[in-house]
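Protein chains in written order, with the numbering used here: chain A, 51 to 476; chain B, 51 to 476.
To be clear, the hints were calculated from the coordinates, so they are not data collected in a lab. Check each hint, because a few of them may be wrong.
Any copy, or any two copies together, can satisfy a pair, since identical chains are not distinguished.
25 Å max Cα-Cα, derived DSS-like pairs, lysine-lysine [claimed, not checked]:
hint : residue 1 : residue 2
1    : 113       : 214
2    : 383       : 302
3    : 396       : 458
4    : 473       : 78
5    : 473       : 396
6    : 396       : 442
7    : 442       : 236
8    : 155       : 182
9    : 113       : 442
Every value quoted in this text rests on a predicted model; they were computed, and no experiment measured them.
Protein chains: 2
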Amino acid sequence: MLTVSTRVFKRLVRLKGFEKLTSIEEAKRIFFEKLQLKKLDVTEVSLENALNRVLAEDVVSEKDLPPFNRSAVDGYAVKAKDTFGASQLSPKTLKIVEDSLVGEKQAVEIWTGNPVPEGADAVVMLEHTRKKNRDTLEVLKPVAPGENVSRRGEDVRRGEVVVKAGTRLKPQHLGILAALGFTAVKVFRKPKVAVLATGNELVEPGEKPSPHQIVEVNRLIISGLCQQLGCETVDLGIARDNVDEIASKISKGIEAADVVVTTGGTSVGAKDLVPEAVNRLGAPGIVVHGIAMRPAMPTALGVVRGKPVIVLSGNPVAAMIGFEVFGKPLILKMLNTATPEAFFVKAKLTRRASSVLGRKSFLRVYVYMENGEFYASPVRLMGSGIISTMTKANGYVVIPEDRGGLEKDETVLVHMFDFIGEKGNV
Amino acid sequence: MLTVSTRVFKRLVRLKGFEKLTSIEEAKRIFFEKLQLKKLDVTEVSLENALNRVLAEDVVSEKDLPPFNRSAVDGYAVKAKDTFGASQLSPKTLKIVEDSLVGEKQAVEIWTGNPVPEGADAVVMLEHTRKKNRDTLEVLKPVAPGENVSRRGEDVRRGEVVVKAGTRLKPQHLGILAALGFTAVKVFRKPKVAVLATGNELVEPGEKPSPHQIVEVNRLIISGLCQQLGCETVDLGIARDNVDEIASKISKGIEAADVVVTTGGTSVGAKDLVPEAVNRLGAPGIVVHGIAMRPAMPTALGVVRGKPVIVLSGNPVAAMIGFEVFGKPLILKMLNTATPEAFFVKAKLTRRASSVLGRKSFLRVYVYMENGEFYASPVRLMGSGIISTMTKANGYVVIPEDRGGLEKDETVLVHMFDFIGEKGNV
Chain A
51 MLTVSTRVFK RLVRLKGFEK LTSIEEAKRI FFEKLQLKKL DVTEVSLENA LNRVLAEDVV
111 SEKDLPPFNR SAVDGYAVKA KDTFGASQLS PKTLKIVEDS LVGEKQAVEI WTGNPVPEGA
171 DAVVMLEHTR KKNRDTLEVL KPVAPGENVS RRGEDVRRGE VVVKAGTRLK PQHLGILAAL
231 GFTAVKVFRK PKVAVLATGN ELVEPGEKPS PHQIVEVNRL IISGLCQQLG CETVDLGIAR
291 DNVDEIASKI SKGIEAADVV VTTGGTSVGA KDLVPEAVNR LGAPGIVVHG IAMRPAMPTA
351 LGVVRGKPVI VLSGNPVAAM IGFEVFGKPL ILKMLNTATP EAFFVKAKLT RRASSVLGRK
411 SFLRVYVYME NGEFYASPVR LMGSGIISTM TKANGYVVIP EDRGGLEKDE TVLVHMFDFI
471 GEKGNV
Chain B
51 MLTVSTRVFK RLVRLKGFEK LTSIEEAKRI FFEKLQLKKL DVTEVSLENA LNRVLAEDVV
111 SEKDLPPFNR SAVDGYAVKA KDTFGASQLS PKTLKIVEDS LVGEKQAVEI WTGNPVPEGA
171 DAVVMLEHTR KKNRDTLEVL KPVAPGENVS RRGEDVRRGE VVVKAGTRLK PQHLGILAAL
231 GFTAVKVFRK PKVAVLATGN ELVEPGEKPS PHQIVEVNRL IISGLCQQLG CETVDLGIAR
291 DNVDEIASKI SKGIEAADVV VTTGGTSVGA KDLVPEAVNR LGAPGIVVHG IAMRPAMPTA
351 LGVVRGKPVI VLSGNPVAAM IGFEVFGKPL ILKMLNTATP EAFFVKAKLT RRASSVLGRK
411 SFLRVYVYME NGEFYASPVR LMGSGIISTM TKANGYVVIP EDRGGLEKDE TVLVHMFDFI
471 GEKGNV
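So here's chain A without its partners, still in its complex pose (with noise of 0.2 Å):
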């Protein structure tokens, strides 16, 4: 039986033109050795609108904060020793003086985030003192140096890195840089993409398709896709099946944008003409095609110009999944990520799953939470053309090549591209 299917496999290689499938490790290598990716410009941007836009070089802070030994609580500036030994039944007594600097003896009142004075290594909370009079104060619990003060420097020091390169930066992020004085950060330009659409069969969103007609929805998905990842993008429209037009069109986009993503036409049979089209471009074209993975087998990857250019299947789940193992990673490359910016959960697995020896499958999985336990139930449409599984999905398992599929109740790990879910929701 191996054999057979080992034979029709390498037949269906042949006729779609693959010498071989190439893993998806071994094609991105490839493909970033070939494309030599410069980073993207640097811009400087005001820290209101910083949101979301990634940090090119690390920020140094330039001072300590806090900027001084600063009270954490509302109370009472003392030197500790003063308190030692003192309770509910027998206080200390200390002198309240409204200087600057506090003597033996003594204690300056102080509110939350004040600098502590001069002479002062610790402050009393105000709930465990008693105001006799206007200027004699009872502490009724010791307490111990550096009590209740935040030390010059404990949250970040000067000469910290306080926010890395690479990081997408977040509200707190916003925040931490503010308090130390800064009003705007180096950030890298938006990537931006653009993208096309190809097929005599497609027509436009809104445009009734006839029978042989399917609306087109790719760049919608590919478009909004690069939006979460904060690029701009420019739609390159739609290209009949003719090689001159796609390739006057990427090279457009070439022109016009720093990658360019197109969708449909890249299997090789009569109407496969992108890889064609790329390659007429200029050397060195189409690094790439065929990728050992289900779906988006037929992926290809190209280089023109020294831009990226790739090309996904038509398929609108080929498509997703095609620019989720390659587009996303590229994109974050060339913003330079300190992370992967993805949230995985390990679920287990509600039912088995088949998948097919030699290529790694991405198996749609929605995953909800019961009982404190993480569930990931296989969503069952698995053609990749059948769109409603990337929406009833809200996430995916990759299935390793040297598995036919997974187990009921194995624990596996899920690629979140939604959010977790609740029962009954599939």
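Put chain B on the given structure of chain A with help from the hints.
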């Protein structure tokens, strides 16, 4: 010991003006009951502008997808029974016709996505055929009825709810909506949140603080958190510690926005004036003040002219946690979202962490993956004024009221607020 600390705790609560601390759940219940929250208005946007908006009503498909039986492969449409018994050694011979009707022992060439012609009930893949001459086909492998055919309605059935109300629209949702012929969708108007900081000690970002002053960072943080949830924000500036000024700015916020969020001036001391200002603006005013949580205990919740006012601590970290616990659920409730819009992960705690009995503690952790396992490393500095704990952490663990801490190696559920990281980045 317990009685002493309970006594101290009660003193503290009284001193801070809180008759009692309210649990988070009870605080939310009271708040939402007094608030009688109205859902936001609905507006229609084009699919191009719908990314990350929240769908206001179920979208029901008006058609089947695919709209007809469609070939899932490149090949020949046939009657399945004409292929029964076919093999490499004894192929079945069919006549290639160009008809739109497939008769007995006939085959019609078909491309992926094309309608399956009348009379045919299956498609033989190109690679399982051999073309003998212009009109003679040899089939090398049998197909079952329905094989390689995407059946009408297989992806989406007419009348089916294709995207549910409350869905935050992702690229895949836009794709399926376009495929079904929609060009626009009804979404909720963006919530408007007005943000006010209070405190005599505050200076605007970019100004140089003198020793008793600090840079105001909470508006930047809270506005960022709101923008991440798809809100528009209104900056109400900084109010001095003056009830009239605070009340006047909150009142302006109530006019301009759906929600007012304030920071600072909430623990009941000499300068804690925001709850008083809220109460002055009319009944019911503050409905909860003092939450059994840490940090963010002095959080207060109010209702003014039917609109919510969230009174957060001036401490950046306490403000963030307070917003996460009360502000985010409020906004998601206004948007009627289908999920809590959160990512969770289970991780092993790398060391023990202590907390305070009787309050929910929010432990900041850094989650990373190593050898396929998730680990959560508690971020060391724990003061709620330590803003760097929020940039060093990428998630938090809620420690329940009845536990004094968490043990090393304990499996904890982490609520992520940034991407999963890599080891050594703590």
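Self-check item: Violated constraints from the hint list, given by number and in increasing order
Solution: As far as the earlier hints go, not one is violated by this structure.
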